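> Numbering (this note's numbering) for the sequence shown: 1 to 664.
Think of the hints as simulated: they come from the structure by calculation, not from any bench.
Possibly wrong hints are sitting among the right ones.
Said to hold, decoys possible - Think about it this way: if two alpha-carbon atoms lie no more than 30 Å apart in a straight line, the pair counts; the simulated DSS-like pairs of lysine-lysine are:
| # | residue 1 | residue 2 |
| --- | --- | --- |
| 1 | Lys418 | Lys405 |
| 2 | Lys540 | Lys552 |
| 3 | Lys509 | Lys540 |
| 4 | Lys324 | Lys418 |
| 5 | Lys405 | Lys552 |
| 6 | Lys418 | Lys456 |
| 7 | Lys552 | Lys618 |
| 8 | Lys509 | Lys596 |
| 9 | Lys618 | Lys631 |
| 10 | Lys618 | Lys456 |
| 11 | Lys316 | Lys405 |
| 12 | Lys540 | Lys596 |
Keep in mind that this is a model prediction, so the values were computed, not measured.
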Amino acid sequence: MDNSKRRASTKVPDKICQYGSECYRKNPIHFKEFSHPHLESILTEAPAKNKYRIPDELSMSREVVLDQLKIIEQIYPELVNSNTPPSKYSKNNTSLAVPPASFSTESPAKTSPSKHSPSDGQGKLKNSPIPKPVNAKATGEAGSSTSVSKPQSKSNAVADLFAERRAKMAKLRAEEPKKPESQPSTSGQQARKQSDPPKQQSGVSLKKVIPRNIEDYYPVVAPRGQMAAKLAAAAPYNYFLTTITDAKVTHSEPLSITFQELLDSSLGELECSVQMNFMVDIGWLMGHYFFAGYENRPLLILYGDETPELKMVSAKKPNITAVKVNIATPFGVHHTKMGLYGYTDGSMRVVVSTANLYEDDWHNRTQGLWVSPRLPPMPEDADTGAGDSRTGFRESLISYLNSYKIGHLQPWVARIQKTDFSEVNVFLVASVPGGHLNTPKGPLWGHPRMGYLLGKHSAPIDDTCPLVAQSSSIGSLGPNPQSWVLSEVMASFRRDSAPIGLRRVPAFKMIFPSFSNVRNSHDHLLGGGCLPYMKATHDKQLWLKDYLHQWKSDSRNRTKAVPHIKTYCRWSHRGLYWFLLTSANLSKAAWGVYNKSAKFEAPLRINSYEAGVLFLPKFVIEDNFFPMESKLGQQHPRFPMPYDVPIIPYAPEDTPFFMDYLRG
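Let the sequences and hints guide you as you build the complete structure.
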């Protein structure tokens, strides 16, 4: 039975991948959403598992095809040696959602991390089956976890990101340009036409990728022309979460936004922009600019993860300048997620985010964004020192941009110097790679910068109020809490404007998704692709288990949306004393660690670029704390926490989610 007949008689995905046999994606979620007839045929004709007969026309991409077949086989095991395809994938499929068994008590040196089974933290084996790792590369970012950020490691998740794009470019370079074959029409997508121009070596072709209707390209589309009103209604916090594709209630929430809304015409007519990020899918990004009508406006991209498409995009789109941010140490990455938007009337806007610029990060993951108000140009005769905010945001932003030492940013620095930032009510808290000492204006980067700002501006906080950290990755923290978390992070984050004196160290709590949290997410275990925490790292800091708490966000309809957001805060029964939204995970690479062997002043060593915004009540609502509940007659709106309070500690049987679950 041919594929079309089998597809008609069974419930396989309705949509056929528009790339056909040229698809090089390795994201398991992609194979749950789209059918790939050429791969299904290979599996149904396979005599047994891992015994594939790959046609000659696919031999040039044999390695990619093998990886794709293993992913599909994991999702549809009944396909192998069968004349009928599997039933439509159900999100309740339990092949990847079984309860965790404990990891073996065997030492890490004797047991490969990728072969570990899930752990309950007690070292005892359970009778429940071990979740079989997906034999595909995870799509999460290793960001600031030094245990997984070594680029020379073949098993590194970061090195494998966008592997399908690299494979695609290798094939394109080996082939002469040719007209693409026509693709079958699919529901909601435009078929490729024989009349399309030859494929370009840059690998970027908006004509082939983008259909006529934005609804056919992006799963969540907000009404046009309403973002300015939504932003005004979000004052004074201007703090949003991204919409969740599988949680429809979030599609119309006033504090949920899509990337397309950042380009909405109501915010201003875009003249030029900058996107600074770690991972950038240029096709996905340019699709948004295309639908907003800005595909030909100047765009500068600073990125961390190299792809052939980014290297060659200027040849296809001269208005785009893409610059890879190089970092001297192999343990650092360009992890900042920030956008600068310049408008034709001379005004501009700044957006600080936690999301990479590619499809999955804006799909079913919890992400946070701060969107600045419109920042008008200063009058021509204004004093050069005028126009900054009480928080010094403009000065901090200029210092941060200058740290790149990239000439393409200088026109933006000049523009920012002539822009009125007085309406900004948050502080910029950033990290820059290198060794740093204090300055006359205090420390500029990393956790000492947080300590300086809190010590100068935070209202006095009772020592019984814990620090609550929440991130999507955890670095190597040391053999005990005192190694770095208590001695450095807490030393900075505990600060307030009260005299230090003889005060006790506040409690430390950490929110990180458990195996159960991820298993019950919208994408089940595959949702953990953005959580690059490794079992080998955890084995060296088992003390952390006592500090871990569940991810739960019923109040924001995001309990099932795995968090890629990063936040740090302190609260009591009175309210929220401060809140930090940032790209920085809990790691030394992101926040810095003091070089204690220095003879004189110990420099702070930071490996990665990071950026976040600090909300302090004194500057946002002229009070000592933010309200965390809505009450009748309340003067200020409650602060929109991304998770439920109170937070819930891990149960004895819980274990953190490890990236090992998704690696073969």
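> Indicate, hint by hint, whether the structure satisfies it.
Checked hints:
1. Lys418 - Lys405: Status holds; Cα separation ~20 Å.
2. Lys540 - Lys552: holds, 27 Å
3. Lys509 - Lys540: holds, 19 Å
4. Lys324 - Lys418: holds, 27 Å
5. Lys405 - Lys552: Violated. Lys405 to Lys552 sits at ~41 Å, over the 30 Å cutoff.
6. Lys418 - Lys456: OK: Lys418 and Lys456 at ~28 Å, within 30 Å.
7. Lys552 - Lys618: Distance of about 29 Å is within 30 Å: holds.
8. Lys509 - Lys596: holds, 26 Å
9. Lys618 - Lys631: At roughly 20 Å apart (the allowed maximum being 30 Å), Lys631 and Lys618 satisfy the hint.
10. Lys618 - Lys456: holds, 11 Å
11. Lys316 - Lys405: holds, 26 Å
12. Lys540 - Lys596: holds, 21 Å
Checked against the numbered hints above, the structure breaks only hint 5 and satisfies the rest.
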